[in-house]
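S.K.: Listed below, chain by chain, are the residues.
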Amino acid sequence: MTLLVVENLAKSFGGVHAVQGVSFSLAAGELLALIGPNGAGKSTCFNMLNGQLRPDQGRVVLAGQEITGKPPRQVWRMGVGRTFQITATFASLPVIENVQLALLSHRRRILRFWKPLAAEDPAEALALLERVGMADQAQRPCGVLAYGDLKRVELAIALANAPRLLLMDEPTAGMAPAERVALMALTARIARESGIGVLFTEHDMDVVFTHADRIMVLERGRLLAEGAPEAVRADPRVREVYLGHEGTH
Amino acid sequence: MLGNLAVQALSGLASAASLFLVAAGLTVIFGVTRIVNFAHGSFYMLGAYLGWTLATNLPRGHVPFWGGVVLAAVIVGLVGVVVELLLLRRIYKAPELFQLLATFGVVLVVQDAALWIWGPQDLLGPRAPGLRGAVYIFDSRFPLYDLVLIGIGIAVFLLLWLLFQRTRFGILVRAATADREMVGALGVNQRLLFTGVFFLGSALAGLAGALQVPRESVNLQMDLAIIAEAFVVVVVGGLGSLPGAALAALLLGQMQAFGILVFPQITLVLVFLVMAAVLVVRPYGLLGRAPAGHAASLHIVEPPIAPLSPRGRLVAAVALGLAMLAPLVLADYALVVMTEICVAILFAATLHFIMGPGGMASFGHAAYFGIGAYGAALLVKHLAAPMELSLLAAPFAAGIAGLAFGWFCVRLSGVYAAMLTMAFAQIAWSTAFQWVAFTGGDNGILGVWPPAWAVPKPVQAWGALVLCLGGAFLLRRMIFAPFGAALRAQRDSVLRAEAIGIDTMRTRWFAFAIAAAFAGLAGGLFAFTKGSVFPTYMNISRSTDGLLMVLLGGVQTVTGPIIGAIAYTGLHEQLLRLTDLWRAVLGAIIIALVLFFPRGLAGLGAKQ
Ligand SMILES: Nc1ncnc2c1ncn2[C@@H]1O[C@H](COP(=O)(O)OP(=O)(O)O)[C@@H](O)[C@H]1O
Ligand SMILES: [Mg+2]
Chain D
1 MTLLVVENLA
11 KSFGGVHAVQ
21 GVSFSLAAGE
31 LLALIGPNGA
41 GKSTCFNMLN
51 GQLRPDQGRV
61 VLAGQEITGK
71 PPRQVWRMGV
81 GRTFQITATF
91 ASLPVIENVQ
101 LALLSHRRRI
111 LRFWKPLAAE
121 DPAEALALLE
131 RVGMADQAQR
141 PCGVLAYGDL
151 KRVELAIALA
161 NAPRLLLMDE
171 PTAGMAPAER
181 VALMALTARI
191 ARESGIGVLF
201 TEHDMDVVFT
211 HADRIMVLER
221 GRLLAEGAPE
231 AVRADPRVRE
241 VYLGHEGTH
Chain X
1 MLGNLAVQAL
11 SGLASAASLF
21 LVAAGLTVIF
31 GVTRIVNFAH
41 GSFYMLGAYL
51 GWTLATNLPR
61 GHVPFWGGVV
71 LAAVIVGLVG
81 VVVELLLLRR
91 IYKAPELFQL
101 LATFGVVLVV
111 QDAALWIWGP
121 QDLLGPRAPG
131 LRGAVYIFDS
141 RFPLYDLVLI
151 GIGIAVFLLL
161 WLLFQRTRFG
171 ILVRAATADR
181 EMVGALGVNQ
191 RLLFTGVFFL
201 GSALAGLAGA
211 LQVPRESVNL
221 QMDLAIIAEA
231 FVVVVVGGLG
241 SLPGAALAAL
251 LLGQMQAFGI
261 LVFPQITLVL
271 VFLVMAAVLV
281 VRPYGLLGRA
291 PAGHAASLHI
301 VEPPIAPLSP
311 RGRLVAAVAL
321 GLAMLAPLVL
331 ADYALVVMTE
341 ICVAILFAAT
351 LHFIMGPGGM
361 ASFGHAAYFG
371 IGAYGAALLV
381 KHLAAPMELS
391 LLAAPFAAGI
401 AGLAFGWFCV
411 RLSGVYAAML
421 TMAFAQIAWS
431 TAFQWVAFTG
441 GDNGILGVWP
451 PAWAVPKPVQ
461 AWGALVLCLG
471 GAFLLRRMIF
481 APFGAALRAQ
491 RDSVLRAEAI
501 GIDTMRTRWF
511 AFAIAAAFAG
521 LAGGLFAFTK
531 GSVFPTYMNI
541 SRSTDGLLMV
551 LLGGVQTVTG
561 PIIGAIAYTG
571 LHEQLLRLTD
581 LWRAVLGAII
591 IALVLFFPRG
601 LAGLGAKQ
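Chain order of the listed sequences is D and X.
Just so you know, this note's numbering puts 241 at position 241 of the first sequence, and the rest follows in order with no gaps.
Just so you know, this note's numbering puts 471 at position 471 of the second sequence, and the rest follows in order with no gaps.
Quick caveat, the hints were computed from the structure, so don't treat them as lab data.
We put the CB at the ideal spot given by N, CA and C, even for glycine.
Check the hints yourself; a few may be wrong.
Claimed, not checked - Here chain X is said to cover these stretches of chain D; the calculated rule only asks that three of the stretch's residues, wherever they fall, bring their Cβ under 8 Å from a Cβ of chain X:
(1) 149-163
(2) 175-188
Said to hold, decoys possible - Simulated restraints on C-beta separations:
(3) D:GLU124 / X:ARG313: 37 to 45 Å
(4) D:GLY148 / X:ALA290: 52 to 60 Å
(5) X:LEU330 / D:ALA118: 35 to 43 Å
(6) D:ALA118 / X:LEU322: 54 to 62 Å
(7) D:TRP114 / X:ALA334: 28 to 36 Å
(8) X:LEU85 / D:TYR147: 54 to 62 Å
(9) X:ALA290 / D:ILE86: 52 to 60 Å
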C-alpha cells in the first residue's frame with residue numbers, strides 16, 4: 001500500500017535552490033534511504049515533509065490526504081514521527097518524561113493542571129524506552145546524555161504516537177559503528193512489525209545497503225537515481241558523484 | 001486655526017528633538033554593547049540637575065549658558081564611562097535580564113545621589129539668555145527656545161550621521177551594530193570602543209537633560225518618565241538604528257502633540273499602543289533588522305526541577321505551621337509585614353511561573369497586580385460591591401488582561417518581549433494615572449476597606465496566608481503537572497515540542513494568563529489590606545521588585561521565589577527603617593548580587 005506520495009517538491013533559500021522537483025513514493029513497512037553529499041538538500045526535504053518548511057511548489061500526500069503546508073503539530077497528529085539531524089529533546093526533563101509528554105500529547109491530555117507528570121503510569125513510556133535500550137537511563141535528564149543516547153531517546157519519542165511514517169534525519173550520526181547497525185536493525189524490525197514506512201538519511205553505506213529496501217540519491221537538490229540497493233550501487237552516475245567520495249563527509 | 005496647527009506641529013518637533021537626543025544615545029549603546037541601559041534615564045536626569053547647577057551659578061550670558069550645557073553633557077558622559085568601567089564591562093556576557101537589573105541598580109543609586117545633592121523639591125532654572133521670547137506663526141505664539149531646540153536636534157542628527165559615516169570610530173560602531181561576531185574580531189580595540197560608545201551615549205542623554213532646564217522644572221521623577229519614552233522610541237525605530245530613532249521620535253512627538261488635542265485623556269496610552277502595534281507588525285521595529293549572529297537568550301541551560309525531599313517537606317510543613325500560629329502572638333506591625341510578605345510571595349511566584357518554567361521575560365508584571373487591585377477597588381468604589389465579590393473579580397480582571405496582553409507578548413522573544421510587557425504595563429499605569437474621573441488619577445482610590453470581620457490584623461494575616469500560599473501552591477502543582485511539563489518542554493526546545501503536537505504559543509499564552517490572574521489576586525488582597533490603590537501599584541519599580549524577588553531566590557528552583565520574596569520584603573522593610581538612603585543601598589545590593597551571585601540566593605546552597 002502506498003503510504004506517502006511526494007510530487008515535484010521544491011524549495012529555495014534566496015538564491016540557493018536547495019530542493020528542485022523531487023518526486024517519490026513510499027510504501028507502508030518499507031525502508032527508504034535518502035542519500036547524498038552534505039548540502040544536497042536532504043534535511044530540507046525532511047523539513048518540508050513534516051511541515052517545518054513550506055515548499056515553494058509540489059505536494060505531499062499521506063495515505064490519500066494532502067498534508068502540504070500543514071504545521072508540524074498537525075502533521076504529527078496524522079501519524080508522522082520524526083527525529084532531527086541535530087537532536088532536539090527537552091534537556092531539563094528526565095528521559096521518561098520526554099516520552100511521557102509525547103504520549104500525553106498524543107492523547108490530548110496536556111492541558112492538565114493538578115496531577116504531577118511523574119505520577120502518571122510510566123509503563124507505556126518505559127516499554128518504549130525498553131525497545132530502544134534506554135530504560136536504564138529513564139530517570140536521567142536529557143541534558144546529560146551522550147549524543148548516541150539522545151538519538152535513541154528521539155526514536156522513542158517519535159514512536160510515541162504510533163506513527164505510520166517515520167522521518168529519520170541521520171539517526172545514527174555520532175554513534176559508534178556497532179551501535180549504528182544495531183539501531184537501524186531495531187528500526188527495521190519495528191517498521192516491519194508495525195507496518196511503518198521509514199524514510200531515513202544516513203552517511204554510513206554499510207547501514208544503508210544492509211537495511212534499505214530502496215535507495216534514492218539526491219545531488220544538488222535533484223534526484224539522481226532511485227531503485228533497489230544493487231541497482232543504485234551499480235549506477236555509474238551515482239558512483240561518480242557520490243560513492244566515489246565516500247568517507248569525505 | 002492654521003497657526004494653531006502649525007504651533008502644535010512645531011511643539012511636536014521640539015519634543016521629538018529632545019526625545020531623539022536621549023534615544024540616540026540609548027540605541028547606539030544597545031547597538032554596540034547589546035545592553036539595554038535602564039540607567040540612561042538617570043543620565044538624562046543628571047544632565048538636567050547639572051545643567052541647573054551650572055546655569056544658576058555661572059554668570060549670565062550666551063557663552064556661560066551654552067558652555068554650561070556642554071559641560072553638563074561631558075560630565076554625564078564621564079559618569080557613563082565610570083559606570084561602564086566598574087559595572088557593565090563585567091557583565092557583557094551575562095543574560096539580558098541580569099544586565100537590565102544591574103542598570104536598574106544604577107537607577108536607584110543615582111536617584112538617591114540626586115536626592116542627597118539637590119534635595120527633593122522641584123528646581124526651576126533660568127530661561128536661556130536671549131531666547132525668552134516667542135515667534136508668531138500666523139497669530140499663534142511659539143517659544144523661541146523650542147525653535148532652537150529643534151535646530152539642535154537636527155544638528156546633532158547630522159553630526160552623528162557624519163560621525164558614523166566618516167570616522168573610523170563611527171565605522172567600527174556600525175560594524176559592531178550590524179554583526180556581533182565583528183566585535184570579537186576587533187580585539188584590543190573592543191574595550192575602547194565600548195567605553196567610547198558609553199561616553200557618547202551618556203553625553204547625549206546629559207545634553208538632552210541640560211537642554212530641558214529652560215523648559216521645565218527639574219525633578220526626581222524625570223529618570224523613569226524619560227526612560228519609558230526613550231525605550232518606546234528605540235524599540236519602535238528598531239534597536240540599534242539611529243535613523244530609526246529619529247523617525248520614531250518624529251512620529252511620537254507629533255502623536256503626542258496632536259493626541260493631546262484629540263484624546264487628552266489617553267496621550268500616554270496612545271504612545272504605548274503605537275509601540276505595541278509596531279512590535280506586532282514589525283517585531284524588530286520600523287528600521288530595525290533581525291539580529292545577525294546568534295540571538296542572546298535569557299536562559300542558561302535549565303537544570304531539572306525536583307519535588308521537595310522528605311526533609312524539605314518537613315521543613316515546609318513546620319514553617320507553615322509556625323506561620324499559621326504567628327497571628328496569635330505577633331504585634332499588629334509584624335502582622336502587617338507578614339501580610340505583605342504573603343502578597344509578595346504570590347506575586348513573585350506568578351512572575352517566576354512565566355520566567356522560570358515558561359522561559360519568558362516580563363518587565364511589566366506589575367500590570368496584572370495593579371489591574372487586580374484596581375479591579376477590586378473600582379468595584380467597591382463604583383458599585384459598592386462587598387469584599388468577597390471584589391476579591392473574586394480581581395484575578396478575573398487580571399486574567400482577562402493577561403489573555404489580551406499576553407496574546408501579543410508570547411509572539412516575541414528576548415528583549416523585544418520584555419519591552420512589550422513593559423509597554424503594556426505602562427498602558428495600564430497611564431490609564432490609572434490619566435483617567436482621573438474613573439480611577440482617581442494620582443490620588444488613587446481610597447476607602448477600600450474590608451468588612452468588619454476582616455478588619456483585625458490577625459484575620460488579614462490568616463487570609464493572606466491561606467489565599468497567597470494557596471495560590472503559590474496551585475502554581476507549583478501546575479509546574480509539575482503535564483501543563484507545566486509542556487511549558488518547560490517548549491522552553492527547552494520549541495522545535496521538539498511542536499514536533500510532538502504541543503502548541504507552544506498557546507502554552508505560553510495560557511501560562512501568561514494564569515500568572516496574570518494569580519498576580520491579580522495578590523493585587524486585590526493588597527488593595528484591601530492597604531485600604532487604597534494607587535497608580536504606583538503598576539509602575540516600573542513594582543515590576544522590578546518582582547524581578548528582584550525572583551532573581552534573588554534564583555529562577556532555576558521552584559522554591560526560589562518564596563525565599564526571594566521573603567528576603568526582599570524583609571530587606572526592604574529593614575532598609576526603610578534604618579536609612580533614608582534605602583534606594584541607594586538597595587541599588588548597591590542589586591549590583592553586588594548581579595556581579596557576585598548571578599544564580600540567586602537559592603544558588604548559594606547549591607554546590608558548584
Ligand atoms: N534555513 C536555511 N536558510 C538558508 N539556506 C539553507 C537553509 N537550510 C538549508 N539551506 C541550504 O540548503 C542547502 C541544502 O541543505 P540541507 O537540506 O541541510 O542539506 P543536507 O541535509 O543534505 O546536508 C544547503 O546549501 C544549505 O546551505
Ligand atoms: Mg542534513
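S.K.: So, for every hint listed, does it hold in this structure?
M.R.: Now the hints, each set against the structure:
A stretch counts as covered by a chain when three or more of its residues have a beta carbon under 8 Å from one of that chain; for the segment 149-163 of chain D and chain X the count is 3, and the coverage holds. Beta-carbon proximity to chain X at under 8 Å applies to 0 residues in the segment 175-188 of chain D; the threshold of 3 is not reached and the given coverage is violated. Evaluation of the 37 to 45 Å hint for GLU124 (chain D) and ARG313 (chain X) yields a failure: the beta carbon distance comes to about 29 Å. For the hinted restraint 52 to 60 Å between GLY148 (chain D) and ALA290 (chain X), the CB-CB distance of approximately 34 Å leaves it violated.
Evaluation of the 35 to 43 Å hint for LEU330 (chain X) and ALA118 (chain D) yields a pass: the beta carbon distance comes to about 38 Å. Distance hint check: the CB atoms of ALA118 (chain D) and LEU322 (chain X) are about 29 Å apart, inconsistent with the given range 54 to 62 Å. For TRP114 (chain D) and ALA334 (chain X), the hinted distance range of 28 to 36 Å is satisfied, since their beta carbons lie about 35 Å from each other. Look at LEU85 (chain X) against TYR147 (chain D): about 42 Å separates their beta carbons, and that is not inside 54 to 62 Å.
A hinted range of 52 to 60 Å for the beta carbons of ALA290 (chain X) and ILE86 (chain D) is inconsistent with their spacing of about 21 Å.
The structure is inconsistent with the numbered hints 2, 3, 4, 6, 8 and 9, although it conforms to all the rest.
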